[in-house]
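*Asks:* Here is how the chains run, residue by residue.
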Amino acid sequence: MKNSIRVERAIKNITQAELAELIGVSRQTINTIESNRYVPSTVLALKIARVFGKNVEEIFMLEEDD
Amino acid sequence: MKTNLLPAYFKKLGYISLIVAVSAYFLITSGLLYYFVSPKTVFYFKQFSLYTFLFSLFSIGFSADPKGQSLTGNKLLLPHYFKIIGYIFLVITLILCILIKTKRFNWHQSVTTTFIVPNVPDEYQAEMSDRQKKSFLKIEDREKVEVQSTVIINSISLILPIGLLFIAFSKEKIEDELITSYRAQSLQLAILLLFFLILYQKLNVPEVETVIVSGDKNFGYFDLPGRAWKADVLINVILIFGILKMEYMLRIKPFFNKTEKA
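These protein sequence lines map, in sequence, to chains A and B. This note's numbering puts the first sequence at residues 57 to 122. This note's numbering puts the second sequence at residues 27 to 288.
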C-alpha cells in the first residue's frame, strides 16, 4: 500500500510533528506510515483523511501486489 | 460487557495502593525489614502487603475508565508515571545487588518442610538386593529417614521483577497503535528467546547434582540443586530482553533512520 501523506503535508504546509499532534499519535508513527513501513488501522487512516479534508482513497492507495 | 462497578477515582486509589503493596513486598523480600522490626511484625506486613495488592487489583479492574480512553487502550497497562517508579525500584535493586556482592549486606531465606518417609511396601522390598535390604532394615530399626523439600528464595531475583514489570507494563507518553504493535513484537521475540534458553539449559546444564560418598562398608548420597537457571531468573532475563528490544525500536531505530535520510 502506498500513500500521499508527504504530498498532502507539503500542500497544507505542516510538519510530521504537527500532523501527529492533530491526530493524537507519536511523530514516529507518522514517519513509519509515510515511509511505508507501517500500515495504519482504519481509525487512524480516517483521522488522517479528516485532517486533510479528503477521502481515505485519495490518501491511501492499493498497489498491484497488495 | 462493561464492568464499571466502581467510580473512576477508584482507579487512582488502586494505583496508589499498588505502589504501597509493592513497596511493602520489596521491603519484606529484600530482607531490609528484618533489620528494623521483629519477625512477627514482618508477618503482619506480609498480610498487609497481600491484602493491599488484592484491593488494588480489584479497584483497578472494576472501576470505570477515565474519559478519552482510545480504541487501542490496553487494560493491562499502567499509567506513564509507573515507568519512573520502575526505574527507581531498579536503581534501589542494583544498589542492594552491589551491597550483597561486597558482603556489606547479606540476607537469604529458605523454607524447608520435612516429611517422614513411609515404610517401603513388601513388593518393593522383594526387588531389593540382599545388601540393600540389610541396610534398609537397619535404617528402619534404628534411624530416622527424612525427605526434605526446600524452597530457595533468592531475594534479588524476586525483587528485580518489580522494577522491570513496572517499566515493561507502563504506557508510553503517547500510546498509539504503532507502539501496541512494537509491544507485541518484542513480547514475541522474548518468548522465542525464552524457548531457546530453556532448550539449551535442558540439554546442557544439570538440574540436579548428586554427591555420592562411598566407602568399604557404607554408601550415601545427597542431591544438590543444579546450576540451571530457575524460573525466577528466567523471567528476569525475558523481561530485560523485552524492555531492551522495545527501547531499541522506540528510541534507537528512529535515530538511525534519521541519519539515513540526511
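Keep in mind that the hints were calculated from the coordinates and are not lab data. Be careful, since some hints might not be right.
Claimed, not checked - Cross-link-like lysine to any residue pairs, in silico, SDA-like; alpha carbons within 25 Å at most: (1) B/Lys72 with A/Glu90; (2) B/Lys279 with A/Ser91; (3) A/Lys58 with A/Leu78; (4) B/Lys199 with A/Lys58; (5) B/Lys279 with A/Lys68.
*Asks:* Evaluate each hint against the coordinates.
*Replies:* Against the structure, the hints come out as follows:
With a CA separation close to 52 Å, the supplied pair lysine 72 of chain B and glutamate 90 of chain A exceeds the 25 Å bound. Only pairs whose Cα atoms come within 25 Å are accepted, and lysine 279 of chain B paired with serine 91 of chain A is accepted, the gap being roughly 14 Å. Of the pairs offered as hints, the one joining lysine 58 of chain A and leucine 78 of chain A holds, with about 22 Å between alpha carbons and a cut-off of 25 Å not exceeded. Pair hint lysine 199 of chain B plus lysine 58 of chain A does not hold up; C-alpha atoms about 28 Å apart against a cutoff of 25 Å.
At most 25 Å may separate the alpha-carbon atoms for a hinted pair to count; lysine 279 of chain B and lysine 68 of chain A exceed this at roughly 28 Å.
Hints 1, 4, 5 from the list above are not met by this structure, while the remaining hints are.
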